[in-house]
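> If you read the protein sequences in the order shown, they are chains A, B and C. Take 1 as the starting number for the first sequence in our numbering and just add one per residue. Take 1 as the starting number for the second sequence in our numbering and just add one per residue. Take 1 as the starting number for the third sequence in our numbering and just add one per residue.
Incorrect hints may appear among the rest.
[To be verified] Far from chain C, some chain B residues (derived; all Cβ distances over 12 Å):
#1 E60
#2 E111
#3 D122
#4 A130
#5 F150
#6 A156
#7 P157
#8 T253
#9 P279
#10 T293
#11 A333
[Stated by the list, open to error] Residues from chain C shown here face chain B by an in silico Cβ test under 7 Å; the list is partial:
#12 V112
#13 V116
#14 Q120
#15 L213
#16 V218
#17 R219
#18 L229
#19 T233
#20 V234
#21 F398
#22 L401
#23 D405
#24 F492
#25 G513
Note that these hints are calculated values from the structure, not bench results. The beta carbon of each residue, even a glycine, is placed where N, CA and C say it ideally should be.
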Amino acid sequence: MLSLRDLSVAYDGHRVVDEVRLDLPDGEVLAVLGPSGCGKSTLLRAIAGLEVLASGSVAWDGADQVDVPTHKRGFALMFQDGQLFPHLTVGRNVGYALRLRRVPDTAVRVEELLEMVGLGGYADRLPASLSGGERQRVALARSLAVDPRLLLLDEPLSALDKGLRERLAGELREILRTAGTTTLMVTHDHEEAFTVADRLAVMRSGAVVQQGPIDQVWRAPADPETALFLGYARVLVDDAAAVLLAAAGRDPAPAVAIRRSALTVAETGPLTGIVRSSRITPEQVRLEVDVDRLGVVDAVSPLDRHPGPGQQVALVVDQTRLAALGRGGAS
Amino acid sequence: MKPVLVSVLALTLPLTACSVVGERSDDSGQPAGAGGGTVVLVTHESFTLPKQVVRQFEEESGYDLETRAAGDAGTLTTKLVLTRDNPTGDVAFGVDNTFASRAVDEGVFAEHGVDLPAGAEDYTLEGEAADVLAPVDNGNVCVNIDKTWFEREDLAPPETLADLADGEYEGLFVTPSALSSSPGLAFLLATIAAYGEDWPGYWQELVDNDTLVLDGWEDAYFGEFTQGSEKGTRPIVLSYDSSPAFTIADDGTSTTSALLDTCFQQVEYAGVLEGAENPEGARALIEFLLSETVQRELPTSMFVFPVRDGVALPPAWAKHAEQPESPYRLDPAEIAANRDAWLEQWRDIVTR
Amino acid sequence: MIRHPGRRLSRLAALSLLPVAALGVFFVLPVLGMLAQGFWPEGEFDPGGVLEVLARPRVHRVLWFTVWSAAAGTAISVLLGLPAAHVLYRLHLPFRRGVRAALLVPFVLPTVVVGVAFRQLLGTSGPLGFLALDQTAVAIVAGLVFFNVAVVIRVVGTAWESLDPRPAQAAATLGASPWQVFRSVTLPALRPAIVSAASVVFLFCATAFGIVLTLGGVRYATVETEIYLLTTTVFDLQGAAALSVLQLAVVVALLAITQRLRAVPDPTVERPRPTAHRPTRADLPSVLVTLLLLVFVATPVLTLAAGSLRADGAWSLDNYRALGTSGEQQALLVPVSDALVTSLRTAVDATWISLTMGLLVAMIVTRRSLTRAERRLRGALDGFFMLPLGVSAVTLGFGFLITLDQPPLDLRDSPLLVPIAQALVALPLVVRTIVPVLAGVDDRQRQAAASLGATPLRALLTVDLPAVWKPLLAAGGFAFAVSLGEFGATSFLARDEHPTLPVVIYQLLGHPGELNYGMALAGSVVLAGATAVVVLAVDRLRVPSVGAF
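Just chain A, with the same shape it has in the complex (with noise of 0.2 Å):
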C-alpha cells in the first residue's frame, strides 16, 4: 500500500506539488487527474525517487522511502513517450529488468509478455520501427516485466491519436487487472481516467483537491472547478441552480453542474426555452437553449426530433446527469 504524506516539491523556492497526501491500497489503479502544470507528474516522479522533496513523505507498507534510491524502490515507470532504448531490440527491452535481476532464460517470458499487450512476434524489431502504440505497448510490457510493487504511468496514452487511445485504454484496464498491478497513472483526459482506473484523486496548482472511489468523485465534485474539469458542461450558481434542482426535484444547494446531456427536449417538460443553434451528431441532436431563468445551457434531442434555432420547446431534466455543489473555493 502506497501512502504519501505532507509531500511537497519545489523548484527554486516555487512549490509545484503542495502537501499532497494520497493512500493507494494493493492492487487498485488511481489516476490522478489534472490539467496540464497541475504538478501531477512532477507528483509521480516524486514518488519514483526522481524529485529531491521540499517535505513529506513517501511510505510503502508504512516503511518510508524517501531514502530508497530510485532502482531499489521497485517502482516502475512508464514514461508518456515510452522511452524505450533505442539501441536494444523490443525483446531486450522487455527483457531488460529480467537480465538487470538475473532470471534465467528470460526469451519465453518476454514472449508472454508481448503475447500480453498484442505483440507477439515483434522480439526482434528495433523500437524505431515501431509505431506509437506499438511503443506504449512495448513500454509497458517492459515495466510489467519484474511484477513492480508499483506501477507509475506518466500520461500513458495521450501521446496517441483517439481511436487508438480509447481502444488501448480498454486493454490497459484489463492488462492490469489480470497483472493485478497496483498502479498509479497521471492523465490529463478524464474518459482515459475513468476506463482504466478504480480511484481518483483531482489535482490542481499543487494540491489534490478531491480523491475517492471513481463514481464517488465522479457524482459528488468537490467545487465548480473540478466539476468541469470531469467532463460537466456547465456549473450553474444561485437562483438558476435552484431553479433547475427544483425542476429536476432535487433539494437546494448552491451550485449545480450539469452535463451536456442533462436537458432533453420533450413534448412537456418543466423548463422551456429558445432554441438558439442546432447540431446533429451521429448519436443525437445538440442544442443550445435559452432558458428562462437559467440563462443558455446545453441540451439534447433524439434524431427523429430536430428543432430549428428560433423554436420553443419544452425539457425535462435527468437528475442522474447533474451533481449538486457545495459554493466552492474558486467559483
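Based on these hints, arrange chains B and C on the given structure of chain A.
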C-alpha cells in the same frame, strides 16, 4: 553515493591496468640504485654521451649516473635558479657564458674544487664564478658560406662582419633570431663586441641589405641555406665553426666554410649544485667530464670542441672544422646586465 | 532519491573529487607557484611590478595581436571546417574514414618541419611566392588554420553525424532552400558543437608557440612567445607572471562567453541511426570547399613527405633506412624506432588518463541541475577544466619544478608527469567532444532505466555508453594525436633515457648534416603515419557488446 564510487572505480581500474604495462617497461630501463649511490645530472636536451662512456663512469666511480635533460641552455638556467632551494640534482652541465652570471649571482652553484686539466683554464670565468663553474667544452658561432655557390656565381665570398652589409651580398644572408635562438643571440653579441655602441647602426645596414631573420637555427640552415636544403636560396648562414665538417662532398672537401673573423665564443660549464645530496659524486662526474675519455667524445656526441689540450679530434673535424684564433667575447656580467635592453633594441631594428 | 539538495551537492562533490584534485595538483598549484614568483619577487609582496608590466605599450600590442590572430584563425577554421564536417561525416563517399584520420596528421607534425614546408611554398622562390605572404600575419593565420581545422571537423562532424535529419527534411518540405535549411535548422542544432570546437581552437591558437615563431619570424609576438622569452631568456619573472595573469583573464572571459553561446533551451537530441547519404548536387559547394581544404592541408605534408625521400640529390629510402640507427655521427643515443615506441606508450597513458577524467567531467557538467546554485557550480567546473589549454606550457613546466618538489607531492621526476601533462592538454578536447552528446541524452532514459531497477552504473552503461561510445572513440583518437605531437611540455619533462619521437626529431634538426635533416623528415612522416593508422583503427573500433548492456 556508494554506487557512484563503485562506478568510478570500475571505470578507472581496467584502464589503470593498461598503463601499468607502460610504466613497468618504463622503469625497467632505469638503473637500480646500487653501490656508491646515484649522481643526478641536470642538463639541457643537447647533452648526450655514448652508453659505453656512461658505463665506464659508473664502473670506475661506483656511482650510478641519472641524467635529467630537458630544454635549452636558457631553460636550464631558469630551472636551476628557480629550484635553487631544493635542487633537482647534484650537478649541472650546460650553462654557457651568456647565461653564467645569472646562475652564479643567484647562488646556484657551490665550489667544485676540481683541478682543471691543461688548456681548460683558458676558458674559466672571472671572479667568484671561476671557483664554481668548470669549463667543459667550447664552440664558436660563425657565419658560414656555401663555397660552391660563390664559385659558381664567380663572386668573391665575404670575409668579415662588415662584408655582410656590403651591397654585393644583398639578399644572401640568413640568420636566426636573437630572441628565440641561442646562436642568434651569440651572433648579436658578436656584433656588439665588434662594433661597441655602434652596433645598432650595423644591424640597420644588415636589415637594409635584405638580411633574412628567422625564428630558429633549424629554419635558417635547413630552410634557406643553399647547402642545407635543395630549395635553399641563401648561400650565407649563421652556424657554427664545426658545421663545415658536416658538408663533405664526395671528393672529400667541404662545400662550406666558416668565416673565422665573424665568430663569437660559447663555453659550456659544469658545476656542483648548492644543496646537492651527493656533492662527492657531483665532483667525480665533473672530473670525468674533463677526462680525456669524455673530451675526446665531445665533437661526435655534442658537436663542440674539447677544452683540454692534446685531445685528438675526429678526422673530419681536424680537416674541416677550423677554430678562430681570436673570437669575439663579452664579459658575462655585461651580458647579464644588458641582455634585456639589447634584445629590445635589436627587435626594434629588425622589425621596424 | 534524496531528501535534501545538500546531499545532491555532496554527491556531486564526491564525483568531481578525482578530476578536481588532479587538476588542482597538476595545474592550479604549479601555475600559482609561478605566479607567486612574479608577485613576490624577493620574498616581498610587490604587485606593483606586475601591474607596471601590464601598462607597457608592447604588452598591449602583443595582447592585441594574440587575440586577433587567434580569432582570425578560429573563424577561418570554422568556416572551412563546417563544409568539410558535412562532407566527411554526412555524405557517403569512398575513403572518408581514411581522410578523417589523415586530417589529424597536422596535429602531430613538428612545427619546424611544417614551417619549412610552408616557407618552401610561400617563400620568394616558392610556387606561391608571388603572393609575398612569407613572414606575414597571413602566413601565421594560415598555419593556425592548418593545425586546427581538424578540431572543428572532428568535433562538429561527430555531432552532425548523429543529428536527426527529420527537422531538416521538414523544413525542406515547407519550401526552405538547402541554404535556408542549413541556417534555420541545422546550424542552430549544431551550435553547441560549433561553439565548443571554436573555443578549443581559439585556445589552441592563442597559445600557439612554434608556428608563430616559425612562420612569423621576429616580427610577430604573442602572449605565449613573450612568456617564453621573458622566462627563459630575459629572466623577467614579474613580466612573465603579468602576462600569465593576462592570459588567464582572456581565457576566463572567453570561457564565460562561450558558455553563454553554448547554452541551448533544450539540449536533448533524438539520435536515430546514422544516415550518410550519397552526394547530391546541393552538396557540391561543400564538396568543393572540402577538396580545397584537403589540398591546403595536404600540400605542406606532401612537400615534407617528398623531402624525406630525397637523399644526395636523388630519390631514395636512405633516410628511412637510417631511422634504425642513431643519425650521422651519433646525433642521437636512441634510434628513432625506440623513440616511436616510447611515444606510443606515453600516448596510451595520456589517452586513458584524459578519457577517464574527461568522461567524469562531462558526466558532472551535463547532469540536470535542480537549483540555481548547482547549475552555477556545474558551469564553473565546466570552465575550470578548459583552463589548462589557455596557460603557457612554460609557466606550467617551471611550475611543476617548483611546486611538486616536496613529499607527498614529490612528483617532478616521476615518469608519469609527461603523460599527465599531455592528458591535461587533451582534456578540454575530450570534454568538449563528449559534453554535447551527453547533454543530448534524454534524462528520462536514465530515469526509465532506474525505475526498472538499474543501478546508476547500470543506467550509465545502458543509456549513456551507447550514445557516447562513438564520440568517446573520436575523443580518444584526438587525445592520442595530441599526446603524440605534444612538444612544449614534453621537451620540458621528457627524460633523457626515453625521449619521445618529437623530441628526437628536434634533436635531429638541431645538428647540421643532410642525413640528419632527412631523418627528421622521415621521422615526421613515420609519426604522421603512425598517428593516422592508430586514429583510423580507433575510429573503426566496434564493441559489439555495447548494445548488450
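> A separate judgement is required for each hint: does it hold in the structure or not?
Do the hints match the structure? See the list:
Consistency note on B:E60: stated as away from chain C, and its beta-carbon is indeed over 12 Å from all of that chain's, at 20 Å minimum. B:E111, annotated as away from the interface, keeps every beta carbon of chain C farther than 12 Å; the closest lies near 24 Å. Every beta carbon of chain C lies more than 12 Å from that of B:D122, the smallest distance being close to 26 Å; the non-interface claim holds. With a cut of 12 Å on Cβ distances, B:A130 stays outside the contact zone with chain C, its closest approach being about 22 Å.
Look at B:F150: its CB is around 19 Å from the nearest CB on chain C, clear of 12 Å, so calling it non-interface holds up. The beta carbon of B:A156 sits about 24 Å from the closest Cβ of chain C, which is more than 12 Å, so the claim that it is off the interface holds. Consistency note on B:P157: stated as away from chain C, and its beta-carbon is indeed over 12 Å from all of that chain's, at 18 Å minimum. At roughly 16 Å, the least C-beta separation between B:T253 and chain C is larger than 12 Å, which holds for a residue marked as non-interface.
The claim that B:P279 is not at the interface with chain C holds, since no C-beta of that chain comes within 12 Å of its own (minimum 19 Å). Its beta-carbon lying about 15 Å from the closest one in chain C, B:T293 satisfies the requirement of being farther than 12 Å from that chain. Here B:A333 stays apart from chain C, with its beta-carbon at least about 14 Å from theirs, past the 12 Å limit. Because the beta carbon of C:V112 sits about 5 Å from the nearest beta carbon in chain B, less than 7 Å, this interface hint is met.
Satisfaction of the interface hint for C:V116 is found here, the shortest Cβ-Cβ separation to chain B being roughly 4 Å, below the 7 Å cut-off. The closest approach between the C-beta of C:Q120 and any C-beta of chain B is roughly 5 Å, which is under the 7 Å cut-off, so the hint is satisfied. With its C-beta approaching chain B no nearer than about 4 Å, C:L213 sits inside the 7 Å limit, and its interface hint holds. Hint status for C:V218 relative to chain B: holds, with the closest Cβ pair at about 4 Å, below 7 Å.
The restraint placing C:R219 at the interface with chain B holds, with a minimum CB-CB distance near 5 Å, inside the 7 Å limit. Restraint check, C:L229 versus chain B: the minimum CB separation of about 6 Å is within 7 Å; hint holds. Checking C:T233 against chain B by beta carbon gives a least distance of about 5 Å; that is within 7 Å, so the hint holds. Annotation: interface hint on C:V234 holds; nearest CB of chain B at approximately 5 Å, less than 7 Å.
Because the closest C-beta pair between C:F398 and chain B is about 6 Å apart, less than 7 Å, the hint holds. Annotation: C:L401 was flagged as interfacial toward chain B, and the flag holds, the nearest CB pair being 5 Å apart, inside 7 Å. Here the hint on C:D405 is kept, as its CB sits about 5 Å from the closest CB of chain B, short of 7 Å. The beta carbon of C:F492 comes within 5 Å of a beta carbon in chain B, closer than 7 Å, and the hint placing it at the interface holds.
Because the smallest distance between the Cβ of C:G513 and any Cβ of chain B comes to about 4 Å, under 7 Å, the interface hint for this residue holds.
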